[in-house]
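Engineer: Turn these sequences into a full structure, and let the hints guide you.
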Amino acid sequence: MSIIATIMNSTTGQPIQKMTFGRMPKPWVTFHLETGERVTADRVNVGKPAPGKFVAPVEVWVTPKA
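Each residue of the sequence shown is one higher than the one before, counting from 6 in my numbering.
It is worth saying that the hints were derived from the structure and are not from the lab.
Check before you lean on any hint, since a few could be wrong.
[Unchecked claim] In silico lysine-lysine, PhoX-like type, Cα no more than 20 Å apart, as pairs: (1) LYS70 to LYS23; (2) LYS53 to LYS23; (3) LYS31 to LYS53.
Treat the numbers as computed from the prediction; the structure is a model and nothing was measured.
Structural biologist: Here's what the structure looks like:
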């Protein structure tokens, strides 16, 4: 089962993009954004699922250089 995570900007608090991971991302995961920039996760937040839902929201916080 793949994980759909929202990539968040640590400096602005705004979402950057959605990304699919094959499994739960580790807090030190390194990946490329759609812009081609390579980033390392600052932290990974897993929220509670909405009532009656199964999927929990996942946020990966990164600090892009640009």
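Engineer: Determine for every hint whether it applies to the structure shown.
Structural biologist: Hints and how they fare:
The straight-line distance between the Cα atoms of LYS70 and LYS23 is roughly 19 Å, inside the 20 Å bound, and the hint therefore holds. Restraint check for LYS53 and LYS23: satisfied, since their Cα atoms lie roughly 18 Å apart, inside the 20 Å limit. A threshold of 20 Å between alpha carbons decides the hint, and for LYS31 with LYS53 the separation of about 18 Å falls inside it, so the pair holds.
Of the numbered hints stated above, none is contradicted by the structure.
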